[in-house]
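Engineer: Each chain, written out:
Number of protein chains: 2
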Amino acid sequence: MNEFELIHHIKEKHGLSRVGDDCAVLPKDDKLDLVVTADMLVEEIDFRLEWTTAEHLGHKALAVSLSDIAAMGATPKWAMLSIAIPQDLWKKGFLDAFYDGWHKLAAQYNVELVGGDISRSPDKFVIDSIVAGEVPNGEAVLRSTAQPGDAIFITGTLGGAAGGLSALRAGTRQPSANPHEEKLLLRQLRPSPRVHAGESARTLGASAMIDISDGLSSDLAHICSASRVGAIIDSELLPIDPGIASVDIPADRAVDFALHGGEDFELLITVPPKKISGFTERAFTRIGDITPNADVIELRAAGKSLPLIPKGYRHF
Amino acid sequence: MNEFELIHHIKEKHGLSRVGDDCAVLPKDDKLDLVVTADMLVEEIDFRLEWTTAEHLGHKALAVSLSDIAAMGATPKWAMLSIAIPQDLWKKGFLDAFYDGWHKLAAQYNVELVGGDISRSPDKFVIDSIVAGEVPNGEAVLRSTAQPGDAIFITGTLGGAAGGLSALRAGTRQPSANPHEEKLLLRQLRPSPRVHAGESARTLGASAMIDISDGLSSDLAHICSASRVGAIIDSELLPIDPGIASVDIPADRAVDFALHGGEDFELLITVPPKKISGFTERAFTRIGDITPNADVIELRAAGKSLPLIPKGYRHF
Chain G
14 MNEFELIHHI KEKHGLSRVG DDCAVLPKDD KLDLVVTADM LVEEIDFRLE
64 WTTAEHLGHK ALAVSLSDIA AMGATPKWAM LSIAIPQDLW KKGFLDAFYD
114 GWHKLAAQYN VELVGGDISR SPDKFVIDSI VAGEVPNGEA VLRSTAQPGD
164 AIFITGTLGG AAGGLSALRA GTRQPSANPH EEKLLLRQLR PSPRVHAGES
214 ARTLGASAMI DISDGLSSDL AHICSASRVG AIIDSELLPI DPGIASVDIP
264 ADRAVDFALH GGEDFELLIT VPPKKISGFT ERAFTRIGDI TPNADVIELR
314 AAGKSLPLIP KGYRHF
Chain S
14 MNEFELIHHI KEKHGLSRVG DDCAVLPKDD KLDLVVTADM LVEEIDFRLE
64 WTTAEHLGHK ALAVSLSDIA AMGATPKWAM LSIAIPQDLW KKGFLDAFYD
114 GWHKLAAQYN VELVGGDISR SPDKFVIDSI VAGEVPNGEA VLRSTAQPGD
164 AIFITGTLGG AAGGLSALRA GTRQPSANPH EEKLLLRQLR PSPRVHAGES
214 ARTLGASAMI DISDGLSSDL AHICSASRVG AIIDSELLPI DPGIASVDIP
264 ADRAVDFALH GGEDFELLIT VPPKKISGFT ERAFTRIGDI TPNADVIELR
314 AAGKSLPLIP KGYRHF
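First to last, the protein sequences are chains G and S.
Counting with this note's numbering, you get residues 14 to 329 for the letters of the first sequence.
Counting with this note's numbering, you get residues 14 to 329 for the letters of the second sequence.
No lab work stands behind these hints: they were computed from the structure.
Do not take every clue at face value.
Remember, identical chains collapse to one label, so a pair may be satisfied in a single copy or spanning two.
What the hints assert, rightly or not - Straight-line alpha carbon distances no greater than 30 Å define the calculated DSSO-like cross-link-like pairs of lysine-lysine that follow:
1) 288 <-> 24
2) 26 <-> 317
3) 317 <-> 90
4) 287 <-> 196
5) 26 <-> 104
6) 90 <-> 44
7) 41 <-> 90
8) 324 <-> 105
9) 104 <-> 317
10) 24 <-> 105
11) 26 <-> 105
12) 24 <-> 104
13) 117 <-> 24
14) 105 <-> 317
15) 104 <-> 324
16) 287 <-> 317
17) 288 <-> 44
18) 105 <-> 90
19) 24 <-> 90
20) 117 <-> 26
21) 44 <-> 287
22) 117 <-> 317
23) 41 <-> 117
24) 24 <-> 324
My request is simple: use the sequences and hints to build the entire structure.
Structural biologist: Right, dumping it as structure tokens:
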């Protein structure tokens, strides 16, 4: 049993896939549902201290969970933050900067820190980020409700976070003198969750939504699997991050980053035909369509259509 | 700045002490408040794998958070569980047993697992346990509302978890042929949260409540500090775990375990004079009284009254 099979087994057997979405949806009152998410970030698995700063890390810990809230079309409300801290980071300066990074992003969305835990760690820094949001009853946008004939839209641009990771791996560190490269590094180290775009997508009539954390091909596969549909993506419509060229990445690898690079934290949205105009009028980019061919994902490029195999980048 | 001062600084500066109780209390609807808690358990800091089993660990991860819910007088409803797992525990058997331990306890209280995260860890096992409960609007029992003249009650017996820890440190492992010793080991490794007792204490009119996780002296100090009161405890009234004698602990050390031993997960409850009879009629033990002497805690023993200095046991 490999890593993915074991996680799948645990999720299936022990109820973690009951909701099977970016967030669990729970009844709150007669107007609102509560959506909740938890994300564990582990040193050397999900981040490297020599690549980032305490403040970026605090920001990112919250951003990844806000992105899950956004993918439900919900509005974030409150959060908890649990940390296990090793001896060498057990310093006022590091912890203040970490919480400052968290709080600055939280302030943008009026998210209140209501609790959490602080523990020692024998060696590695571990963060668990918990965020709760609200959405009108029954209106949380799930993964499982895309329909054949729906259009596929995304927010923003793709591949930037993978470009930033590639630069970090090659030894580049912040701040970079090249402003394009600096932007790529920040896409990896200090991602921006698309909270307002997620709320707009819900009110504009999105049929399904997910955030692009594993990579477009993997996250689109999650939507297709949950909705029992297929998809076709047009390679030429992909809004590739223009900064990727600045780090000497050839054009074909840039497409690879856009298709499979994780951690862009953009939103992937499916839209019924009658609702498409609302999205094209705003800052969403149409990249393809949902098809009836369950679990078949195709990529159209240069007039040809080929199967698109999901291969999300492992983060490190 | 030592460890406690640093944690205090972080909590004060970064908003973690906003609520300053076992759980944060959030409005849910026009009948109920939501209470939420998070507890981080870290290998080698909070538990040792050579002392416990995967199933006990899953049980304990949930139990510590249920105990926080109980201390608010709330009813637990749903939970999330995030884990970071090292390579050598990344096995079906270990993870199944861990989740089974969690689910068996959850089933006792109809707690539903709604989410969480599973990550790799470079070496240590880290668990973040999140539990949410419900309590009628405005009825959560806080730490800050004890009054001079209130009686102090506790549930169950004290010192057993410290007795179990002492046996583990001395090399004893489960199962022990001595049934008293086995019980002590289980008090440390597989604690029982006092969920129903916490709900009863609320409906019977408790004025303040906390769970005994750091030790009676420390947790009583938390109540006194939050309520700006003092307390006097009668040493002869302490219900010391009868099993402690079975592990060759002398009587004076047994009192020490009862006063300062952590992780008993009993409830410490303050009760206004008019409500006392409701508690004495049930399985609560009166151990002392709240006094007007802010932050002065006294221990009465053999006719003398001495200051009781809080000294909660570090868990390891």
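Engineer: Name the hints, by number, that the structure is in violation of.
Structural biologist: When the structure is compared with the hints, numbers 1, 2, 3, 4, 9, 14 and 22 turn out to be violated.
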